[in-house]
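**Q** One letter stands for each residue in the lines below.
2 protein chains.
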Amino acid sequence: MKKFSIAVLLLISVFGTDILHAQSKAAWIWYPGDFEIWLGNKMQNRRTERGAFLPPFWRMDSHYVLMDFHKVFNLAAPEEVTLYAEGSYNVKLDSKMLPGRPQKVTIPAGEHRLNIKVYNQNQVPAIFVQGKTVVSDSTWKVTYEDKEWIDATGMVSSQSGTKWLQAGSWNFHDPLMPPSRFKLDVQPQLPVKTTRSGQSMLVDFGKETFGFIQLHGLKGNGKVAIYYGESQEEALATTTCETLDQLDVQQAAAKDSTMPLSKAFRFVNIQYEGDVKIDSVSMLYEYLPVANRGSFHCSDEQVNQIWNVAAYTLHLNTREFFIDGIKRDRWIWSGDAYQSFLMSYYLFFDAPTVSRTLLALRGKDPVSSHINTIMDYTFYWFLGIYDYYLYTGDETFIQQFYPRMQSLIEFCLQRRNKDGMLEGLPGDWVFIDWADGLSKQGEVSFEQLLFCRSLETMALCADLVKDNAGAAQYKQLAAGLRTKLFAYYWNAGKQALVHSRINGNPTNYVTRYSNMFSIFFDYLNEAQKQGVKQHVLLNDSVQQITTPYMRFYELEALCAMGEQNYVLKEMKDYWGGMLKLGATSFWEKYDPKEKGAEHYAMYGRPFGRSLCHAWGASPIYLLGKYYLGVRPTAPAYKSWIMEPALGGLQWMEGTVPTPDGDIKVYCSTKQIKVQSGTGTGILRFKSKSKPVCAGAEINARGNGVYEITIEKGKAYEVKYGL
Amino acid sequence: MKKFSIAVLLLISVFGTDILHAQSKAAWIWYPGDFEIWLGNKMQNRRTERGAFLPPFWRMDSHYVLMDFHKVFNLAAPEEVTLYAEGSYNVKLDSKMLPGRPQKVTIPAGEHRLNIKVYNQNQVPAIFVQGKTVVSDSTWKVTYEDKEWIDATGMVSSQSGTKWLQAGSWNFHDPLMPPSRFKLDVQPQLPVKTTRSGQSMLVDFGKETFGFIQLHGLKGNGKVAIYYGESQEEALATTTCETLDQLDVQQAAAKDSTMPLSKAFRFVNIQYEGDVKIDSVSMLYEYLPVANRGSFHCSDEQVNQIWNVAAYTLHLNTREFFIDGIKRDRWIWSGDAYQSFLMSYYLFFDAPTVSRTLLALRGKDPVSSHINTIMDYTFYWFLGIYDYYLYTGDETFIQQFYPRMQSLIEFCLQRRNKDGMLEGLPGDWVFIDWADGLSKQGEVSFEQLLFCRSLETMALCADLVKDNAGAAQYKQLAAGLRTKLFAYYWNAGKQALVHSRINGNPTNYVTRYSNMFSIFFDYLNEAQKQGVKQHVLLNDSVQQITTPYMRFYELEALCAMGEQNYVLKEMKDYWGGMLKLGATSFWEKYDPKEKGAEHYAMYGRPFGRSLCHAWGASPIYLLGKYYLGVRPTAPAYKSWIMEPALGGLQWMEGTVPTPDGDIKVYCSTKQIKVQSGTGTGILRFKSKSKPVCAGAEINARGNGVYEITIEKGKAYEVKYGL
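Each protein sequence line maps, in turn, to chains Y and D.
Quick note on full-length UniProt numbering: the first sequence kicks off at 1 and runs consecutively.
Quick note on full-length UniProt numbering: the second sequence kicks off at 1 and runs consecutively.
Please note that the accuracy of each hint is not assured.
Repeated chains share a single entry, so a pair holds when one copy, or any two copies, can fit it.
Computed cross-link-like contacts, SDA-like style, restricted to lysine to any residue with a CA-CA straight-line distance of at most 25 Å [as the list claims (entries may be wrong)]: (1) Lys92 to Thr238; (2) Lys418 to Gly596; (3) Lys712 to Cys693; (4) Lys42 to Gln671; (5) Lys96 to Leu165; (6) Lys104 to Leu244; (7) Lys42 to Arg101; (8) Lys572 to Lys595; (9) Lys92 to Arg59; (10) Lys580 to Gly648; (11) Lys96 to Leu75; (12) Lys163 to Asp61; (13) Lys96 to Arg47.
Rather than coming from a laboratory, the hints here were simulated on the basis of the structure.
Looking at chain Y on its own, in the form it has when it is part of the complex (with noise of 0.2 Å):
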């Protein structure tokens, strides 16, 4: 997952270009993570439960109301601009305010400043200008208090200790399409089959959607109930199904009626009353559009229906921002963004949507409790960030939110207990994974290994913002906990971390969870690594892994270690496993064990379980990274590495995208084709023979393997034998 060392990392980090800076044209802006609050409020207070009402269980911040927009700027003739703003507004040239809300306002020849200061309590404060060359884009400066007072003479203060960030924006190109006004695409689509029964209709669209339900020529009067299922079991379910809309109809003419709030289905089981007439029932399908750069496809057809069904799943769950799953809670949880973080740099690489998830993550301070309350999510944050650095490059990030990394590790360096170590104290959840009878209690080694990787990426951060102090600090708190880790965690005789220690003392029991994530964080030697393999992961009599969510760690693991010909059986039987009971997408958990309906059912209901779970979307990522074999070895691909694995395959072919340009690749067993859009790559592989690459140098590295330094822009073809 990041076998780069962090010393690598920072040397190269001064290459790192700021993404976020490449904008030219007018944007709105507004302060960096607000609009990400306020719409992940609108979101994740959408969800309803069999019409109720369900909000989420934490603390749900805010937008700054009062914002100061300004910019510098050098002109070499005077400039008409427009202004636009979301709110009550004032604007002041070179710090004397313009009388009124000015429409436009004339900038002079030569260095003038622009101020712009809204205030907005319902929706976030945000403008938007458009002159020839005075725009609003991200170069723009903001805070939330400029603390421009006055003495009594009228005079401004002259220090006035104000931080200014640099401007949040997106793609809101449009003046008149403020932020507020945001709203997902939406496609009219047509069922693939209704069934009529008397005054019900049953009505199938062929496989897992997303959007609002339309119901055509609706006139009567009496009333109709529109029962949603994943399943045809969960729609017909009318007393338990998870969700539904209720309606009153009294129309005497026939009109298109659609739904208020967009909502998951397969099936739609429409029940009603009275004289009430449905001509046809439809839906607009409602999605982020964001296109798939990504691709993948091999000589097996089983695994390129693995790949398409998780490329939809994880599509249908990238939307205002990458959700758990789209027919329950529809809420950011972080250990579930996490995944779709990694899996979408293989997939759209759409940077915005993973920051604004990692921003509407966080909220604001103070740190009240573990993001979504677990004690787990809240180093995951910590992971993306370090994953979202390395794919991104987009230092400007780390620059503005480091004060609240730095606030949030505050908050866990807090709940330390007199050892150092991490226990779940009340308000903690600890989580972890769904899997029966796991233990909680005591210092949990998979929560002490994710904090250790979360004070190492503090570290990281510490040195890009050059917080000297800060730096020393959690360097030393990191490796002082991964010490701790195997002095505390390590059975020899078992050859594996042990789960837990309690009361001080470690336990015997070994579970899955802090040995797989140890191997791809490389934390064990050589030898704990095979240790961890034969007694842990390839260890039938360890706690099987029942969730698609854990199951990505395990198999990355594996793959970390070589293993892309079992992982490639593993992923055939457990998300084929799937396919053959019928998935259009992949599920929340997933056990081959379970019959029939039992793969519906879960937090005690017969249809709690998500058949579209963003987590089961995983080998993406897996057959991205470990297949194709593309990773970044320095931030935003400014250099990377290829190993290709067939791992059983004959031959695939796929591409990676990258900030800059793709990265496409095919590979069989005989052949290599490589072409780069990006960076500089190194092209890794063995070969039984020599290899052969036109107009490349070929570098042999022994025990058969072969490097070629892969160049932007150019092609290459490798011969090889395997």
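We have chain Y already, so just place chain D on it with the hints.
**A** For chain D alone, kept in the frame of chain Y given last:
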């Protein structure tokens, strides 16, 4: 100002009743402090200056958008209750969610828990619950994070670690008038004089006032401009008056038109163009309906007029919150509000307006600047809490907001220099007073003095909430700082605290500020007091104070030393001076040496000065506390003292309001009459002759001082001789 010792206060605090708990009828409730912050945003972002929007320059916080309310009821019989909520909501009875959004719920007999969870981004989540005995009031518990997660079987977490506070409420007892619809009251009023001249009208309302201008019978086509003036000069100065309205009229039929924003004025100058016609002009006077419970009347008509104009001034500035002045900022300034609190205890005794103002000032964590960005204003906030508790006995307020006190004092402690003193860092406004050439450099003694008092307040509150470690820490910090105050600033030669230290060296500069505060803080020994009195307070060569703001404390210090005769003359001179200039309310600044229009100018603007400023109303406080001589000696007037001082008057009479009932007093040189509706009072007075009081024991205290214990509900008539 506060003569009782901390020890006494603590001893008696066990009698403190919780005045917020007196409610029995249903009220709208919310998270405490949230409505106050929301309303504060609304009010403080309503300022315009010549049509331009002029918001504050400090951070404005917001309400929590997602709120859980609950209460456990034990019912003798089942009860149907009606539910109202501002926002999306759900209802749980005994942790089981009810379907949909129920408007009524029946609670069975026995013990049951009712939870209502509300989401509202735009307004404060609030509920109103009305049953026979089940009602929403401040005994309900609220939290912004209930942390009610469930495990895979649907079980709710047993130990959530959630902090519940008691709900906030005010006077919203109508289910159809929720908090978001709050408005001040209005009342139509007519001008005393309207002068027409061509296409203009000059309208005089006879005195300073506040409200919405109404144009009657407005018709025609053309522009109308309304120029507001606290003085006639300002209304006529169309290019420099501070506030105005501009209308574009296009109406054939005559209509009445009310301006959208209320403003301060005595005069309005209306100018119109084209064929515009206006029949007449009136206003809707806008006010907070609080009664003058306190009163003062005496043998000197000028003093009576001063008291009346001061009461009117304070009432005009007592609105959604205590504001600074009605014309210009209309913001909540902590230093200004602090004085309004003290005055209000002798006029309205409206505790909610005090607590509302304290909460809006404080906002939320994290603390990123001093209150209003001003160092001294942070400290006045602590002082305000000290007095609020003493006058009202509202211990719940301390309990609920102690964490916000802690984080604010922590912000101050973090800003100390290596000597443990506070200097103005970038972003800190060291205000003290509007005074020409006043130095703010280095360690200003006045700021350390207020800081010390704030630490003492923290110690007091820590004791109240039983934070023993905190109490010990704050006491130690306060004692240390108090020692330094005298070690660093006391100049024996000058018999005064000097103004500041710069680079660790005391200056030779003496100002009145720290010296006068140290008197009523009781920080000086008797010799020092006399020294300060002679060498500073009564020494004309020490820079004179020209704001009623600091006159307040200067005269309080003199009153505290028994100089009521001197102070009465000063009061007549200073406030009487404004009256002689035609003041109908008291001003932001009054310098008797200024002439004509100089009285209107400030901040470099010809009409920048406010002619109706809350801090101008201090005679209310001085006359109530130091002439009628009534003040609490235990929280909520459970015990109190009355030391009448005529200060040269022939007689005076008045009422001092308390939470429980009024204290009425009449005092002449021969007779004192007292009637009390609260607590246990001590009447202390001097008499040359042996006093007589039927039915009361008179205790001689020596030196001609006598005391009588005043019991609640009884009347006393004392004959004595001055």
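**Q** Take the hints in turn and mark each one as holding or not.
**A** Evaluated hints:
no. : hint             : result
1   : Lys92 to Thr238  : between (60 Å within a copy, 22 Å between copies)
2   : Lys418 to Gly596 : neither (49 Å within a copy, 72 Å between copies)
3   : Lys712 to Cys693 : within (16 Å within a copy, 105 Å between copies)
4   : Lys42 to Gln671  : neither (51 Å within a copy, 69 Å between copies)
5   : Lys96 to Leu165  : within (22 Å within a copy, 45 Å between copies)
6   : Lys104 to Leu244 : between (49 Å within a copy, 22 Å between copies)
7   : Lys42 to Arg101  : between (29 Å within a copy, 18 Å between copies)
8   : Lys572 to Lys595 : within (19 Å within a copy, 93 Å between copies)
9   : Lys92 to Arg59   : between (36 Å within a copy, 19 Å between copies)
10  : Lys580 to Gly648 : within (21 Å within a copy, 101 Å between copies)
11  : Lys96 to Leu75   : within (18 Å within a copy, 64 Å between copies)
12  : Lys163 to Asp61  : both (20 Å within a copy, 17 Å between copies)
13  : Lys96 to Arg47   : between (47 Å within a copy, 17 Å between copies)
Checked against the numbered hints above, the structure violates hints 2, 4; every other hint is satisfied.
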